[in-house]
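Engineer: Dock chain to chain to rebuild the complex, using the hints, since each chain is given by itself in its own frame.
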Amino acid sequence: MNAIARSAALALVFTAVAPGDQAALGGQALDNGIFHYSLIDADASRGADATIGRWEGSGWVGTDFDRLWWSTSGEAADGGLYEAETMVLYGHYARRFWDLVVGYRHDFEPTSQGYLAFGVMGLAPYWFEVGLFGFVSDQGKPSVRFEGENDLYLTQRLVLQLRTEVDWLITADDELDLESGSRRLRFGLRPRYELRRKFAPYLDFTWSSERARRTPSVGDFDADGFRLGVGVRLIY
Amino acid sequence: MPPHPPASQPPKASPESALIDRRRFLTVSAGLTVFSSLGLERRSLWAALEPAGGAAPEVVEYDLAVGRLGVSFSGGSAEARSINGMIPGPLLRLKEGQDVILRVTNDLDEATSLHWHGLLVPSDMDGVPGFSFAGIEPGETFTFRFRVRQSGTYWYHSHSGGQEQRGVYAPIVIDPTGDDPVEFDREHVIVLSDWTDEEPMQVLRNLKGSGGYYNYGKRTVPGFFRDLFDDAGATLRDRDMWGRMRMDPTDLADVTGATYTFLLNGQTADENWTGLFRAGERVRLRIINAAAMTYFDVKIPGLTMTVVQADGQDVEPVHVEELQIAVAETYDVVVEPEAGKVYTIFAQTLDRSGFVRGTLAEREGEAAPIPSLSPRPLRAMRMAGHEMGMTGADMQADASTPADQAGGHASPVVHAKLEYSHLRALTPNPDVREPETDVVFRLTGDMERYFWTLNDKKLSDSDPIQLRVGERVRIQFVNETMMEHPMHLHGVFMELQNGQDRAHAPRKHTISVRPLETVEAHVTFAEAGPWALHCHLLYHMATGMFARVEVSDVPVAENS
Chain R
1 MNAIARSAAL
11 ALVFTAVAPG
21 DQAALGGQAL
31 DNGIFHYSLI
41 DADASRGADA
51 TIGRWEGSGW
61 VGTDFDRLWW
71 STSGEAADGG
81 LYEAETMVLY
91 GHYARRFWDL
101 VVGYRHDFEP
111 TSQGYLAFGV
121 MGLAPYWFEV
131 GLFGFVSDQG
141 KPSVRFEGEN
151 DLYLTQRLVL
161 QLRTEVDWLI
171 TADDELDLES
181 GSRRLRFGLR
191 PRYELRRKFA
201 PYLDFTWSSE
211 RARRTPSVGD
221 FDADGFRLGV
231 GVRLIY
Chain B
1 MPPHPPASQP
11 PKASPESALI
21 DRRRFLTVSA
31 GLTVFSSLGL
41 ERRSLWAALE
51 PAGGAAPEVV
61 EYDLAVGRLG
71 VSFSGGSAEA
81 RSINGMIPGP
91 LLRLKEGQDV
101 ILRVTNDLDE
111 ATSLHWHGLL
121 VPSDMDGVPG
131 FSFAGIEPGE
141 TFTFRFRVRQ
151 SGTYWYHSHS
161 GGQEQRGVYA
171 PIVIDPTGDD
181 PVEFDREHVI
191 VLSDWTDEEP
201 MQVLRNLKGS
211 GGYYNYGKRT
221 VPGFFRDLFD
231 DAGATLRDRD
241 MWGRMRMDPT
251 DLADVTGATY
261 TFLLNGQTAD
271 ENWTGLFRAG
281 ERVRLRIINA
291 AAMTYFDVKI
301 PGLTMTVVQA
311 DGQDVEPVHV
321 EELQIAVAET
331 YDVVVEPEAG
341 KVYTIFAQTL
351 DRSGFVRGTL
361 AEREGEAAPI
371 PSLSPRPLRA
381 MRMAGHEMGM
391 TGADMQADAS
401 TPADQAGGHA
411 SPVVHAKLEY
421 SHLRALTPNP
431 DVREPETDVV
441 FRLTGDMERY
451 FWTLNDKKLS
461 DSDPIQLRVG
471 ERVRIQFVNE
481 TMMEHPMHLH
491 GVFMELQNGQ
501 DRAHAPRKHT
511 ISVRPLETVE
521 AHVTFAEAGP
531 WALHCHLLYH
541 MATGMFARVE
551 VSDVPVAENS
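Those sequence lines, one after another, are chains R and B.
So the first sequence is numbered by the numbering used here: it starts at 1 and just counts up by one.
So the second sequence is numbered by the numbering used here: it starts at 1 and just counts up by one.
Don't read these hints as lab results, they were simulated from the structure.
It should be emphasised that the depicted structure is a prediction, and the values quoted were computed from it without experimental measurement.
Glycine included, every Cβ here is placed at the ideal spot set by N, Cα and C.
Incorrect hints may have been included.
[Stated by the list, open to error] EDC-like, lysine to aspartate or glutamate: derived pairs with alpha carbons at most 16 Å apart:
hint, chain 1, residue 1, chain 2, residue 2
1, B, K218, B, D248
2, R, K198, B, D248
3, B, K218, R, E194
4, R, K141, R, D167
5, B, K218, R, D151
[Unchecked claim] Just the calculated beta-carbon pair ranges, DEER-fashion:
hint, chain 1, residue 1, chain 2, residue 2, range
6, R, P191, B, L516, 34 to 42 Å
7, B, V414, R, Y236, 31 to 39 Å
8, R, L160, B, D230, 35 to 43 Å
Chain B extracted, bound-state conformation (with noise of 0.2 Å):
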């Protein structure tokens, strides 16, 4: 297995203390040394947390502490949430196989959590109040163990009110047993987020008093009488839809840069992130979206990003220009930036209200042209160019293109956009059997009002779906709303029915549901347990688009 060289993610330094508590963290157990670079080179930070070379250790221990913290994303000062002070919190490195102790402190004021996001883990360490345990008390310390049966790029955050908005998050990588099917030189982890000095309760009163609080994108009339003069007809076709409905067209994000500062790694788009590179090196970009609200459109001008892992698991690699990072999801990808060059790293958000930026450079200080803002989409043009993307000629001429393998084919195919159906399982799926048992969430809510509802009911309204361990499910996503719903399904993987054959259908913990799309994935748990589903919107999980999914260890029946 070729050594990884160190990962380089400065982590947000607001605070002058963060770079002691950073220092502290770490305690590492069964002898490990601690690496003598801890704390004194910024960049070599979180690379730091990895833990020593050699042969992984049969045990690991980490010490967390979820605390407060003064930052200045904004401009002006605000209070923050983090996990040994640093927004975000540290990487966790681990290694397939290991069994990980993590020491979980809460030096808030208020109940706290962690939840590993995308491991498979036993119900009762994954971290959710009220599903897998109590949650953790002020003052208290909660110790998750568990073994770690999974590699790829993960991340782990608060599950408690509003803390991951407020800065309650950090990246996992997980390296594998075997040898990694990336090749790839060097890696850094892109941690995407999004902060508001407001208050995250304060944002959902704002909410509750009017949906479209934070929309600086309505329609106008002016630009009411500039579209009928473009097309009467269909633009009244078209006002009368959207009027009947009571739903706004122009309703991307319901919190949007109107509040948000936009973060990569904890830095602003002016602070400029930056990920080092040498020339001739294949870089590997673990991207996550640890954003409460934001779907980032993510591009590298110049560069084509090869994706060969999503939700941490790995697929056969695709080119694209261009992908969507959903809240929660992560991809890898593979770039091969040339000598001499800079790059800008380009998330801008969907509702093109912002963008944060950083930087791949050989050295630091550097910085490229940042691209404008794209067009800002209407929810109609959308849809219709999902529609296409997704008709069947398209889906089987991007299916049966042989992916081009690692070493790279002359002209292999680069997508301007990446889609769900490019995405293939590198390894097959072990259960491909037809779905006995069906389960559909409808995807509703009221924007008006303001709170979100599976099946029409809150989560406290709504009864718990029964299934068992080793029960073949089909679930059905159908979105009945004018908005995306990143559905995450916690203790298992979700293989997304996206028009590949079932044994490479692609295991996804996050699933984004695209407006008045149906979406279908199928399941088999391992685990028993009560486990959680939730849209991973963070003001639609508060107000109720949550479900209790208990799997009973009473195995399926012979005849069932």
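Excised from the complex, chain R in its bound form (with noise of 0.2 Å):
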């Protein structure tokens, strides 16, 4: 509850202190006005007996050094919520390529949570987009992510994106009934065709491992292995 308060508070604060919009090209001295950006990515894949869906979102709003970042991700079949987190942060441009973030994570599924989220994102040497995160649950239980997407040109507007995610709790996490370790890991491979910069389909062949509950049960999800989606990005 500390993180909401938190990044609530930077929130507030980060608001009162921006410039309008408008006001970024009105003058030469209003060069540091606020913008957003926002891209959802959303496919739909065949499971063993249902249709799964899933949604990844991300953007921000403000300045250029002093951004409130978003992202969005989860799944789900037979209409039910399998997965679905959010993050909020705030971000700070450290330095070239690089924001420190620090806010508040929360998970809806698979169980109720939140967590302290901090972490630096930014652009590596050879183009590939990273994020590397550290979250402290509200039960204390650490752990950490890694993320990373590579844009590969085959056409102009043939773009094959190369992602990953790897998950790693620290410690055992009796919230998630799960041992330390691996939580998750992630290769993809996403080609999508760019039939305008802000609106793209796309395929998604994805290999996944999650780690099994040490609890199993019946209506559990098995979301190892490949998987094939068909979806569409958004940018606004």
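Structural biologist: Structure representation (structure tokens):
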């Protein structure tokens, strides 16, 4: 809860000091106006006995140096959510290509849990978009996550995105009913065709490995193995 | 002085009402007669703005209004901003020594301004909001008054927000008091520009989301393998270098033909602006790059261009087949078209994402073949080529070649492409002292986040540069980015140190600094006040690539 209060306070301060959007081009002295960016990838794949929908969204609002970042991701099937998470982070442009971020993450599924989140995001050499995050759950359980993406242009509009995500529990998490160690590993190929920069249908090939719960139950959704999804990317 | 035949630049006639506005635009004081041809003949419109012949009047007055205008440059309809309902706005035809009164009315619902680009005026008449004055609020009129202290080709444009991108720009031609050193029989103003139906704020928003948003010439994986096949070692070294820097060698222009329609005197390539000539005439083309973001490579197949002026200042004639004109620069060239021939004025963008053309012909309705776009350059190759072009031996050779005079000698040197090192001031600079003060501007920025800075600071974070009237200053622009930056200093001409002797360093209001290049210029401010220095690429300026230069009128101490 501390984390919520903290990110809320940061967001408030942040909003209060920022000049209006319109001002950014309105005069020479107002070169630090507020902009925003949002990206949503949503796709569907055929599971063993159901259609599985996934979404990932992220974005920011703010100046070049101080931004409020958000992200959300999740998975649904048969009208039920299997996984859903959101993050709200305050980020400061620490040095060229890199932002330091701190904020709050909330998981709605598989269990409802809050986390203090902190980390570094940016553009690594050879054009890898990366994020390295540390989390402490509201039960005090630490974990880390690495995310990486790279866009390979096959043509000017056909872009192959390489993706990876590693979630690692530093200690066992009773809420999640998981032992310490890798919680999730994902490697993906996501070719998209940019009909427009802001509208691109894509295919999603993902190999993932999820750690099984200590006490498996019948209804568990098996996310291991390959997945082929069809989706669309929207940017606003 | 030979009489100047009427310039014949038809302005963009998008809305029918614009003709009326054009007729209304000019009020001439001091008992001048208004040309009877006003407004009736499209081709004569700009010429009509020239004050009546005979002795130049002491005072000329113009009324200018910045307002909205519906346009359809791209085929769709969009709302532009204009001066007196025209894009480009009306030509201001002035004469050296005149006193000018310009009443500028704001018909928009946002603040506006007009800046007289390249004109030496008092600081409070320079038209830069936050520097010279507060700007012109909606419905208000601001009166600019200044004496014209120079001659040549210049331009004027809004210095407020994205208005310049949306159409608020226009040419200025100033006739000298004495004989013009350039011999010509006819002249045409050529205003190049870029238009987008997107609002400038949207363009900037797109760039903030992704610096490569408008780049459809990126390196591809198949291209990588092709290059590997050609030369594996060089390809890996090259990709390694760019990858580590996280920069894109194909980023030749931040905003490209993917959204831009390119215009010549407010007309698209299809509309084909046409300038007339008669057999045997020497035709002076006053080329102005009023684009927000676009460098153009200009050529007229079949004609050698003789460059006689750069940024409004006379230079010793240089013969070239092609010239690159940076954003905000002007070049005057003289061409001698042959009877019975038709020529294409071809202006392709630096990144080859588009072009605009016009035509030189003896009658309307003619067209010559349009050249195909040249190969798209890559950063590394361009830089290498430039360095070769700037080697000492080559520069010496160019500098020591007596520039052939206007009469024309047998087989003058014709350069394939104009380089800054070719430019040599026609009249000597009065101040050739060794500079006493050094000012270094590192040109910096972050293409990923899309903001641009000077010495790593945005205008809003930076301290003003303090200088004094009469102080001899050496300015160095050190470009640490992989883009060209057309650096514009208000209030004074920069004497570009290009290998010519100091007395003949060309005087420039805008100096294009190439990627990773360092350029030196010397200046002596004659006029106190706050002056603007900035990159003239609109979205670089708007995101912070801007500095404030405060020139105090406390004279330089004797012992300094």
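Engineer: Each hint should be assessed against the structure and marked as holding or not.
Structural biologist: Status of each hint after checking the structure:
1. K218/B with D248/B: Holds. K218/B to D248/B sits at ~8 Å (cutoff 16 Å).
2. K198/R with D248/B: The hint is violated at about 21 Å.
3. K218/B with E194/R: Holds: K218/B and E194/R sit about 14 Å apart, inside 16 Å.
4. K141/R with D167/R: OK: K141/R and D167/R at ~13 Å, within 16 Å.
5. K218/B with D151/R: Roughly 12 Å between the alpha carbons, so the hint for K218/B and D151/R holds.
6. P191/R with L516/B: 34 to 42 Å: Since P191/R and L516/B have Cβ atoms about 35 Å apart, the given range 34 to 42 Å holds.
7. V414/B with Y236/R: 31 to 39 Å: violated, 52 Å
8. L160/R with D230/B: 35 to 43 Å: Between L160/R and D230/B, where Cβ atoms are some 23 Å apart, the hint is violated.
Comparing the model with each earlier hint shows violations of hints 2, 7 and 8; every other hint is respected.
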